[in-house]
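K.L.:
Chain by chain, the residues run as shown.
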Amino acid sequence: MSAAATTIAHEVPPQAGPRAFLRRLRSGDEIAHLITLTFAALILLITSMLLYELWVNSHLSRAKFGWMFFWTRVWDPNFDNFGAAPFIYGTLVTSAVALCLAVPLGLASAIFLSELAPRKVSDVISFLIDLLAAVPSVIYGLLGIFIVVPLMRTTIGPALIHTLGNVPYLGALFHGPNYGVGFLTAGIVLAIMVVPFIISVSREVLLTVPREQREAALAMGATRWESTWKVVVPWARTGIMGSVFLALARALGETMAVTMVIGNAPTIAASLLSPGDTIASIIASQFTEASGDLYLSSLIELGLVLFLITFILNGLARILIVATGRGGGRPA
Amino acid sequence: MRKRLLLVLLALGLAGLAVAQGGTVLLNAAGATFPTPIYSKWFDVYHSAHPNVQINYQSIGSGGGIRQLQAGTVDFGASDGPMSDEQLSQSKFKILHFPTVLGAVVPTYNIAGVSGELNFTQKALAGIYLGTITKWDDTEIAKANAGVKLPNADIVVIHRSEGSGTTYIWTDFLGKVSEDWKKKVGNAAASVNWPAGLGGKGNEGVTGLVKQTPNAIGYIELIYAVQNNIPYGKVQNAAGNFVKADLAGVTAAAAADAKNIPDDFRVSITNAPGPKVYPISSFTWLLIPAQIQDAAKREAIKDFLKWMLTEGQKYNEGLTYAQLPKDLIAKETKAISLIQ
Amino acid sequence: MSDPRMIWRKSLNYVMLSLTGVAAFGVVSILFLVLGYLFWNGGRSLSWNFFTQLPKPVGETGGGMANAIVGSLKLLMLAAVMGLPVGLLTGVYLAEFGGKTFSFVIRYTTDLLNGVPSIVIGIFAYSLVVLPVKHFSALAGGVALGMMVIPITVRSTEEFLRAVPGSLREGAMALGASKWKTIVTVVLPAASGGILTGMLLALARVAGETAPLLFTALGNRFWSPGFEQPTASLPVMIYTYAIAPYDDWHRQAWAAGLVLLGLVLVANLGARLLLNRGSAVRST
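Protein chains in written order, with the numbering used here: chain A, 3 to 334; chain B, 5 to 344; chain C, 28 to 311.
Just chain A, same shape as in the assembly (with noise of 0.2 Å):
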């Protein structure tokens, strides 16, 4: 139920009781009302700060590179020349490889759960999956370094570069040494961070598809695989897209797994075995010792790169969840 934004229900005839009580009383009210918009303000101030800040601060190096800023490949503090190529590069892959791996898994995940679980079953898995949602992303990376590194360096990697990497085309993406870091790990590392946000979001629009559509097509003679497949996912669709907007949102801001393993070496490479680095990992190794008012200035601008990024990526989500029906996104 709304709360309209009705003042006191009950009209104050002007000459009754004590008139200093009851303007007490709207006074209260109004006191409220203002509080409490002071401090809603308060958040378009912080924003607005946060972008008057990003902005300001890197007015340097957008005077000197302008548009090339995102084209440059280079990233040189010794001879103030600096690009977000790279790192535009390793954000968009590693959050793509992420997202190859999590959708598919994601999505049967949550088509499981909204399908063909029963419902308390469906509800422990989807509790089990959100506490996934919770653990700290440093932990991540903890688990990245000790276990899927040395995975990747001695399983994975190899297992890759002897099958798919004679594949044309395709075997561009798996050559090379293989360091154990690199994109291909991050990427993997994001997956698992990102999967419960897709199951979760997924499962509830999945589950907000009218039973009517079920019915329908079991009852024209579909198998429940085609049933689901054919209509339930694709009534959800757009709720289901903006679950992967949400994990992909949240796939590029991440800072600190991907730190610790991808390897820190701020190139463009075909292959994913390749260590590379992405905005958000340069900012954090980078930040405090930016000698030099232009380099801090470009690691700031990347950050308003990123900032723009996820905002972008952001609204897309909201729209699209919404525009499925179910109101309003929720908490991360």
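Any given hint could turn out to be false.
[Stated by the list, open to error] Residues on chain A that point at chain B, a partial pick, calculated with CB under 10 Å: (1) Asp-78; (2) Asn-80; (3) Arg-121; (4) Val-151; (5) Thr-157; (6) Tyr-181; (7) Val-183; (8) Gly-265; (9) Pro-268; (10) Pro-277; (11) Phe-289.
Worth flagging that the hints you see were computed from the coordinates, not collected in a lab.
Quick caveat, the model's predicted, so the values are computed rather than measured.
All residues carry an ideal CB built from backbone N, CA and C; glycine is no exception.
Starting from the known structure of chain A, fit chains B and C onto it as the hints suggest.
P.N.:
Only chains B and C this time, still in chain A's reference frame:
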């Protein structure tokens, strides 16, 4: 129940607000990871001896030390690469350099089957880091290591991911011994555009990466190799000899340039002449503002410096850093009075 | 019927549905792997020393993370003090007082703030708090974390306030209570279970944040008195120790990871239990 909870929280809050006990001097410092083992030892010992002085040193890299000092967010910094004239002139206040220890940067590696010491020529190290030498059994490396079975494996080059004084020392050396390096990568600097390799954060990060990555090579301060029991190689010095990093080699490097140490103590001793010199040696410096407003902090820092130059030096060798030459100590002790 | 097309459809059905089950259980087993590994490695390294001692000089074994544990608690407290009231009151505004356009703007901005990567919040807190004061401090870390707490709290507060049935409000007003009195004495208490849960979850979320602390609270090898000094914190210690080469530090990183995860999970579990058991008002 809720009220009680609130009261407990309030109490905790007030306890946390407890201002430092009167008389405690809290100093914050940040900088190089090269000397972190000895600095953390020093600050710990100094704190035990002077319980009212607490020096919190955060090893974020030399670049960070310089930056945060200039921003004024730390009381003093630490760097293995002395600040350049340009950096000093851009600084809003005067900064003094105080050498603390002598250390060595060693090439460490992790090659299956090779547990002994490899000999690295100057060209080999430059080539590896330039990315022109890519395999361990390359002739440049093999010819200096007759009798060692080097695998035909790709070299995994590891460097620093952030601004580092250790990088400064390393690139200073490479720049002196390789024209190609100087042209391609530039002068000695804390942060460069690496032609090849992975980045590790801090000396600790590089050591960790080398330890975990087969066929890796990295450059770290001697103590990190010793503390972690990983092999490190001999480096060819200017006289052509392969020298293993140790106290004697580092002390010889400092002695070779003893007369040339300027008054502000900023000097590079890499690739020093002499048969027994270890070529990748360096001082590391504490960066202290020349003017410190807070009297308690000023006295604490001056006192610590005096302690460092006398008592502190006794801990150096235990952690494989060399002691400062005696006449340098004398000069520094005089320079302490420059801190106003 | 052995109609081949039917057989194909039926087998496809079976295979795909099984795959979804495999996927779901796969994800759950990852959770158990995560927990299991942490419990195994972390559990072995937990000791009394870990909880009570300060870190030892680099390279020496032993020492603990007492200051990091206290530091994390301090940071959480700061984040709570700074972020929760803002979140709560904004939620009240949006649910009870808000005008149409202004509410939309506030909600949009809150979502925006929610989506800001934590490293960018760290940059902001650095330029806002650390630079002017020329000091890394727990306060700066608290500001950064507080900013992250706000959007989560706003959302959950608004959601739970809206879920309070209109009948409760109308009843109060019919008895002559003014609006603010209704909110304070009737609506908020009714939604309190959910609101507190939201707050708890928000704090649990920021407890594990590392990136914003790197440039604000920095770190401290000693105790950090008051709020104006840099302070150690569990997540930053985990990061620092994990990327270092010392085995002893690795063990301590596992232990810290276990403690941190334990805190976060207990908070989450507790919150959900509160939610399911507590309020008579169910959310959507």
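K.L.:
Which of the numbered hints are not met once you compare them with the structure shown?
P.N.:
The structure breaks hints 3 and 5; every other hint is satisfied.
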